[in-house]
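2 protein chains.
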Amino acid sequence: MDLPARVGEGVETIDTPALVIDLDAMDRNLAAMADFARAHGMRLRPHAKMHKCAAIAKLQIAAGAVGVCVQKVSEAEALADAGIGDIYISNEVIAETKLARVATLAGRVKLAIAVDSALGVQRLAHAVKAAGTALDVFVEIDVGQGRCGVAPAAAGALAHQVVSHGQPERGLPATGLRFAGLQAYHGRAQHLRSAAEREAAIRHAVALVRAAQASVTSAGISCPLVTGAGTGSFVYEAASAVYGELQPGSYLFMDADYAANDAAPRAPRFEHALFIKSQVMSRGISHAVIDAGHKSHAIDSGLPRVWSLAGAPPLEFSNGGDEHGILLAPSGVTLPELGATVWLVPGHCDPTVNLHTHFVGVRGSLAAGRRPRDVYLAD
Amino acid sequence: MDLPARVGEGVETIDTPALVIDLDAMDRNLAAMADFARAHGMRLRPHAKMHKCAAIAKLQIAAGAVGVCVQKVSEAEALADAGIGDIYISNEVIAETKLARVATLAGRVKLAIAVDSALGVQRLAHAVKAAGTALDVFVEIDVGQGRCGVAPAAAGALAHQVVSHGQPERGLPATGLRFAGLQAYHGRAQHLRSAAEREAAIRHAVALVRAAQASVTSAGISCPLVTGAGTGSFVYEAASAVYGELQPGSYLFMDADYAANDAAPRAPRFEHALFIKSQVMSRGISHAVIDAGHKSHAIDSGLPRVWSLAGAPPLEFSNGGDEHGILLAPSGVTLPELGATVWLVPGHCDPTVNLHTHFVGVRGSLAAGRRPRDVYLAD
Numbered sequence: 021m022d023l024p025a026r027v028g029e030g031v032e033t034i035d036t037p038a039l040v041i042d043l044d045a046m047d048r049n050l051a052a053m054a055d056f057a058r059a060h061g062m063r064l065r066p067h068a069k070m071h072k073c074a075a076i077a078k079l080q081i082a083a084g085a086v087g088v089c090v091q092k093v094s095e096a097e098a099l100a101d102a103g104i105g106d107i108y109i110s111n112e113v114i115a116e117t118k119l120a121r122v123a124t125l126a127g128r129v130k131l132a133i134a135v136d137s138a139l140g141v142q143r144l145a146h147a148v149k150a151a152g153t154a155l156d157v158f159v160e161i162d163v164g165q166g167r168c169g170v171a172p173a174a175a176g177a178l179a180h181q182v183v184s185h186g187q188p189e190r191g192l193p194a195t196g197l198r199f200a201g202l203q204a205y206h207g208r209a210q211h212l213r214s215a216a217e218r219e220a221a222i223r224h225a226v227a228l229v230r231a232a233q234a235s236v237t238s239a240g241i242s243c244p245l246v247t248g249a250g251t252g253s254f255v256y257e258a259a260s261a262v263y264g265e266l267q268p269g270s271y272l273f274m275d276a277d278y279a280a281n282d283a284a285p286r287a288p289r290f291e292h293a294l295f296i297k298s299q300v301m302s303r304g305i306s307h308a309v310i311d312a313g314h315k316s317h318a319i320d321s322g323l324p325r326v327w328s329l330a331g332a333p334p335l336e337f338s339n340g341g342d343e344h345g346i347l348l349a350p351s352g353v354t355l356p357e358l359g360a361t362v363w364l365v366p367g368h369c370d371p372t373v374n375l376h377t378h379f380v381g382v383r384g385s386l387a388a389g390r391r392p393r394d395v396y397l398a399d
Numbered sequence: 021m022d023l024p025a026r027v028g029e030g031v032e033t034i035d036t037p038a039l040v041i042d043l044d045a046m047d048r049n050l051a052a053m054a055d056f057a058r059a060h061g062m063r064l065r066p067h068a069k070m071h072k073c074a075a076i077a078k079l080q081i082a083a084g085a086v087g088v089c090v091q092k093v094s095e096a097e098a099l100a101d102a103g104i105g106d107i108y109i110s111n112e113v114i115a116e117t118k119l120a121r122v123a124t125l126a127g128r129v130k131l132a133i134a135v136d137s138a139l140g141v142q143r144l145a146h147a148v149k150a151a152g153t154a155l156d157v158f159v160e161i162d163v164g165q166g167r168c169g170v171a172p173a174a175a176g177a178l179a180h181q182v183v184s185h186g187q188p189e190r191g192l193p194a195t196g197l198r199f200a201g202l203q204a205y206h207g208r209a210q211h212l213r214s215a216a217e218r219e220a221a222i223r224h225a226v227a228l229v230r231a232a233q234a235s236v237t238s239a240g241i242s243c244p245l246v247t248g249a250g251t252g253s254f255v256y257e258a259a260s261a262v263y264g265e266l267q268p269g270s271y272l273f274m275d276a277d278y279a280a281n282d283a284a285p286r287a288p289r290f291e292h293a294l295f296i297k298s299q300v301m302s303r304g305i306s307h308a309v310i311d312a313g314h315k316s317h318a319i320d321s322g323l324p325r326v327w328s329l330a331g332a333p334p335l336e337f338s339n340g341g342d343e344h345g346i347l348l349a350p351s352g353v354t355l356p357e358l359g360a361t362v363w364l365v366p367g368h369c370d371p372t373v374n375l376h377t378h379f380v381g382v383r384g385s386l387a388a389g390r391r392p393r394d395v396y397l398a399d
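Residue numbers (the numbering used here), protein chains in the order written: chain A, 21 to 399; chain B, 21 to 399.
In case anyone wonders, no lab produced these hints; they're calculated from the structure. From a predicted model like this one, the values you see are computed outputs, not experimental measurements. Hints may contain errors.
Copies of the same chain look alike in the list, so a pair counts if it fits in one copy or across any two.
To be verified - Derived DMTMM-like pairs (lysine to aspartate or glutamate); straight-line CA-CA distance at most 20 Å:
#1 K130 with D35
#2 K92 with E217
#3 K92 with D35
#4 K149 with E116
#5 K78 with D342
#6 K149 with D342
#7 K92 with D106
#8 K130 with E95
#9 K149 with E357
#10 K92 with D342
Can you make the complete structure from the sequences, with help from the hints?
As structure tokens, then:
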């Protein structure tokens, strides 16, 4: 496969459209979240579905993360193959073929998974028994997302089913399922624009977590951990005295959608670290066309923003189809010339990253308007 | 890389989410377009940006296509490497590094490209001269898309510039640029819902093409070919007596967006041939969650439709994020059980295909409600 850039070459040589990380900004975001988690006594388990990159997962773990979350069995396998040793599939898996892979993987790394059905627990237990391995199991509760997860009152029964599939040895399950706690992620809360709305949503989630904890306790089972939270809400989960682990992903790259949230009080600030490098490949009288369309960036959370250096008024991005973006200039702003480089900030980082096979990492504070100096590649 | 299926296994073994082609339906679509082009004396050059697959391009050429279109240099290189010998990059390229690759590729296959600027022609001519190769050049005119392309009155000057970079040998340019005609694709016309609107849009495009032809002729240059058209409009370009080549792509797979168009009179009918196979991996009381989110299908032209077999009323699809789709049941319709297979018809086939590394081909009329029999794989 052709690479978009070569290590050590200048940023001007990066082929377009390319997914470019400002590594300086990423390093600052990485440290800010690690510091926050440490200061609040929280375990940090960043979501690797965002970056899908073992090299980045290793940086997060080196900075203090206990491991990573993923959303798919194939993501867990890829990260395990690349040397990540502690992985949580924070999602339900119901296919028996996938559960067999989960059970095998549990023999290679410290693995955890979420469940929200009796059938899911039964199939998981069967697969793990056949493989002779053990893994941690979180019962997912629906705390307002309206997607996966059981009602809080049903958590105890499901936890009981999980515990019944552990094979204790000196008091601890050596094979089978270990009940690890509650998965309680509130996806809808992440993008509520006002901090007050996000705080209220997490307050409601915390009440549901407490109800689920009560359900587990009344089944005679202790609840070791509550895990959840995202980039839009983690300050509230951290302040809850209920959650013990944070799962943010997007903080590392910060997309246009998260940046549109009002900042929460006392929250660390994160910088844009993920960009699309594009080039003007056609010019009209009143518009410019760049070589970045929706095959280069996701549009589920809005169109990308055109990055303007050094305080220049931004150009307007309009969707030009699969391989084209159309730039319009507000009054008084000059359109870029044919061949010019244009940087975009994606609307949503996770599905944008998913469209690319490579990151190009650059150093030199692109975000501050200076020209990045060098190029670094990661698969 | 793990494959989603193995050749010869049943459709129930296809891992989810997977991109599945109903090969019987695809064959019928393939033949219907080839027959139409033949009956109307039109050259057919299907757009391979839709499927990005050499095996499918070969089927199209075997059925009578003169070659394929692509939108990117990398697509042209990949198809050339896989044995496709006649490729048209129906798009502008301005980067000198890419133009050097174009010029090299022109030494290996019959290659064409579009231009819409003097700088583009100059850089292309420079690259082709350096490589000592030759290629066909289409001048793109804007026929209503508002994206790339010059105004019709400017076509003659650009054609003249192209011709000036040909090195004639016994009357034909042996190296350098050969003026091949006009690129006149009207993207916006494709998805106008009523056939009358699409007909009116192409009538307008044809008038602009005639003006561009006049501009070229008055520069003393003959215009060998006008190429354009898409799945939503090709019957009108074919009837225009101006266009000589059709570039449709989506007809082969037919997505939900194109299917929402009112059919044009005398147009061949195309069937849905592209599906996402998904599985219910969580069940609520009033919703089901499948393992297909917007990392498995593009949403730029609307959400996917849930495919209902044998006339059953369709379930409603709601976006559940990167890896989840949420299904709601209209009154009187039963939600699928945990573990059940659910088939989706993507809203837009091109960027959906772009999200996957493999197609799984099945035979046995999935589309007619029968169970596909076997599995076939293509990169």
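Against the structure shown, which of the earlier numbered hints fail to hold, in ascending order? Checked against the structure, the hints that fail are numbers 1, 2, 5, 6 and 9, while the rest are satisfied.
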